[in-house]
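Protein chains: 4
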Amino acid sequence: MTRVCLVGLGRTGIEVAKAIMEQKDLRLVSAISSPNSRKIGKDLGEILGCPATGVIVQGPDQIEPIVFQSRPDVVVDFTNPAATVRNSKLFSKMKVNIVVGTTGFSKIAMYKLYVLTKKYHNAILYAPNITLGVNVMMLLTNLAANMLNNYDFQITEIHHKHKKDAPSGTAVKIAKEIEKGLAASGLPETADVPIQAIRAGGVVGKHEVLIVGENDRIEISHESFSRKAFALGAIKGIRFIQGKSGYFEMNDVLNLQKVLGDYL
Amino acid sequence: MTRVCLVGLGRTGIEVAKAIMEQKDLRLVSAISSPNSRKIGKDLGEILGCPATGVIVQGPDQIEPIVFQSRPDVVVDFTNPAATVRNSKLFSKMKVNIVVGTTGFSKIAMYKLYVLTKKYHNAILYAPNITLGVNVMMLLTNLAANMLNNYDFQITEIHHKHKKDAPSGTAVKIAKEIEKGLAASGLPETADVPIQAIRAGGVVGKHEVLIVGENDRIEISHESFSRKAFALGAIKGIRFIQGKSGYFEMNDVLNLQKVLGDYL
Amino acid sequence: MTRVCLVGLGRTGIEVAKAIMEQKDLRLVSAISSPNSRKIGKDLGEILGCPATGVIVQGPDQIEPIVFQSRPDVVVDFTNPAATVRNSKLFSKMKVNIVVGTTGFSKIAMYKLYVLTKKYHNAILYAPNITLGVNVMMLLTNLAANMLNNYDFQITEIHHKHKKDAPSGTAVKIAKEIEKGLAASGLPETADVPIQAIRAGGVVGKHEVLIVGENDRIEISHESFSRKAFALGAIKGIRFIQGKSGYFEMNDVLNLQKVLGDYL
Amino acid sequence: MTRVCLVGLGRTGIEVAKAIMEQKDLRLVSAISSPNSRKIGKDLGEILGCPATGVIVQGPDQIEPIVFQSRPDVVVDFTNPAATVRNSKLFSKMKVNIVVGTTGFSKIAMYKLYVLTKKYHNAILYAPNITLGVNVMMLLTNLAANMLNNYDFQITEIHHKHKKDAPSGTAVKIAKEIEKGLAASGLPETADVPIQAIRAGGVVGKHEVLIVGENDRIEISHESFSRKAFALGAIKGIRFIQGKSGYFEMNDVLNLQKVLGDYL
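Protein chains in written order, with our numbering: chain A, 1 to 264; chain B, 1 to 264; chain C, 1 to 264; chain D, 1 to 264.
Be careful, since some hints might not be right.
Treat identical chains as interchangeable: a pair holds within one or across any two.
In the EDC-like style, the derived pairs of lysine to aspartate or glutamate whose C-alpha atoms are separated by at most 20 Å in a straight line are [what the hints assert, rightly or not]:
(1) K173 with E219
(2) K258 with E179
(3) K18 with E214
(4) K161 with D192
(5) K206 with E219
(6) K244 with E214
(7) K258 with D73
(8) K236 with E214
(9) K42 with D61
(10) K173 with D262
These aren't lab readings, by the way, just hints derived from the structure by calculation.
Required output: the full structure, derived from the provided sequences and hints.
Quick look at the structure:
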């Protein structure tokens, strides 16, 4: 049984909480909300719309006693970069492993996570694109770009109309993967891959890559049709990080080294 | 300048002839049709609907004198397995390299090609799925299957209504790649991947793979919108095989070893 | 304020209940479950995972007293054809209007609903395909078939792997619309439109129509990405039927007569 | 047998010529190229890459003698708006019916065509979007907009990278149809429908309309996979206009009045 502490109870955090509670090998032992949140002091069940769980939501100023009392093996973090770095320091000191699903990290902030694992020998999985499928898609587009470097590439992403940032962080990451693949193929220099962002209706999240040649084309798309896709990525991350030590990203969870080796 | 002999002047063969004549580094030096074809004795230009080329179409009983006279570096073969094996023996003896785009080979027939390269030290590229894009797609679906082995897989292929065989050989090959990927992931045993074949209108050729999980899905599709896609694959094959020795498949043309190594 | 009674608390019924409670112009005044259901006697809020609503779920043997006490303007029915016909008799006698979202009706059962509206002068909306978008799609495919009667038609439907019936009732209805369109165009007799049913992962419901000619193709697809799509169709139906008298189908809700007239 | 004169021998004009020659009920009796074209004086067969046809390409300064000698029933015009208007005057005076596939007309230029038919009682079909499928798509999107006026609309068009104008005229026309549909539904005022134009590889032409609601979406796409799609629209137009009098557009060819009436 892996004991899990959840930090961040926004829309995705709530989905993660529900998903953790459905797993037989995981137990949600504590939950931390943002400072001044109205959720503090309530039973987690009340927030999720289910029976009482015995887990009372706490504020982020209580991290040390929470860890002492609830003894989590893994912390899952869906907050914001500043909060993640601040909290991760405390969790790392206390040898707790961490799954970071928070998005919007700078390179420096990422590096800070890396340094924590070196110093405290715990494990951190940095996974802002926590959905498994999206990471598979990124690998596929990188490889396709390397093999079809004279094709035209185009990314389209569609999200619900309440999403504020455009293009999505994931689309930007996909563009980078394509550019890496093109560079690896020996292409001297390349223009940026164009990204189109569509905001419409209630679409959870879709990313589409067009790879078009003179006479044929490949299309690769990924669509999450439920927010639970994020939660299941987090679950996979928790199981992966449990008992490990070091700094990891989703490529490690996907075990790409083995997968590509299998093919050869 | 690479000198090319084309064997087989069916629908794809004609496209290949046109494409070869557009390349500056390739010269079409001879063309061989099926026995008793009405094309024998005509100038190739007449068959392609373009000005005279000086290349007179000959029958397959003339292979040795044709090679002596036209001195091809590479033969491109779009005929049928029996003819390919028969002709390849003669070409191999005469140290000509061969690109085989013919489909429908048995394992034994493939093995015969392999043996020829061992015996005569020429090079044969066996590439029944000659379109580059389709081969990229096969790799991608294999890898996706390895990483997402608990997802459901489904193949749909759409071709023009005059195509007789269903499902297409390419769809069957994609299914095998998915099954290989699932097996490599450690999945004990798997049901066959379902394939749906649609015959409608004038669709040149489309293959689509659905990879569906509980909360998200990936779609990978390849569509040739011109028969020239086959021809360009053949061109790439000619350039690849020129000067080589040994038995090859499209994975070698795609240089997968390097591409996957680049990623790691 | 329109007062609504909900009959049937299955997966779709629960979505409908939630959606009704979010509308300012609708009030859910009573809820009826199947006989012997464990839900009977509980507060509806408990079933929906939300605070108490004051509406206690009752059994179907209580219809008359429920109507007397809760005085609904409209009943929404998501049960089964036998129950719908039985209950609709009682509701019609009491001059309550009815939205029927139940699927699987025979022609005779549909006719019985029609007769009730003639006898009791209430209104019934028969809408087994309650999602608005699906009904729009049906119209579009009918018209396309009438205009492109020499094209090939093909339907593909994808649903989650727990769906038992295949092809879906909606796909069958779409096929009929296409066949009607082809017939209206003057085509003498037509083979059935092929339907492919895919059961994979957690797909809520997608229907796709391919219309393929020699040189071009049209694709029309509809996908529900949330079960709430059914609920919103029901809401639209409630608002439509309120205050009316007579027998209606979704084409009336869509106001097709006006829409097509607008175009001409 | 309908006698046809073709004006304009650009990429689409050549496709139209080929398609006309394949029809049993049509005879191509004369062909007119742009002034100073190198094609003038050559046999049409030479230009099409097929055996001699006996039709010698002439210049546009010869219209009257050409009509006297070749006696066409219908002229097909794929030139430019200025040439079309100039030539149409002459053809109309001589009572020849005209199919105009030329794009880029101003409202005034269109009106001039209308006036010609009033004055000379011949018939003109103005059909800049000559492909049948595209016109069907336009109708469908108009109707969908009228019925789903609270959904978000988005157009994407993809063409080969040599296409200079963006967005395509067809995409702009589709946007107008959507806006008409929304207006007809009673929507007070609407923002422009966003259009994304993608230029990639050798795509002949694809238009896609996304119609996205909170919980479901409809996608309607049209793709020409061969330039022959334009030619077949022209053929349909020739057969339609033959023997008629008056000004027409593609909606008349599609017989929308009847098609929509069939549905009601």
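Results of checking the hints against the structure:
In this assembly of identical chains, the alpha carbons of K173 and E219 lie at most 20 Å apart whether taken from the same copy (17 Å) or from different copies (19 Å). In this homomeric assembly, K258 and E179 come within 20 Å of each other (Cα to Cα) only across copies, at 17 Å, whereas the closest approach inside a single copy is 24 Å. Proximity of K18 to E214 under the C-alpha cut-off of 20 Å is restricted to the inter-copy arrangement: shortest distance 15 Å between copies versus 48 Å within a copy. Taking identical chains as interchangeable, the C-alpha atoms of K161 and D192 lie at most 20 Å apart only when they sit on different chains, with a minimum of 16 Å there against 25 Å within one chain.
In this assembly of identical chains, K206 and E219 lie within 20 Å of each other by CA distance both inside one copy and across copies; the values are 13 Å within and 11 Å between. Taking the shortest Cα distances, K244 and E214 never come within 20 Å of each other, neither inside one copy (48 Å) nor across copies (28 Å). For a Cα distance limit of 20 Å, the shortest separation of K258 from D73 qualifies neither inside one copy, at 27 Å, nor across copies, at 40 Å. For the homomeric pair K236 and E214, the shortest alpha-carbon distance between copies (14 Å) is at most 20 Å, but the shortest distance inside one copy (40 Å) is not.
Only within a single protomer do K42 and D61 lie at most 20 Å apart by alpha-carbon distance; the minimum there is 16 Å, versus 40 Å between protomers. In this assembly of identical chains, the alpha carbons of K173 and D262 lie at most 20 Å apart only when taken from different copies (18 Å versus 26 Å within one copy).
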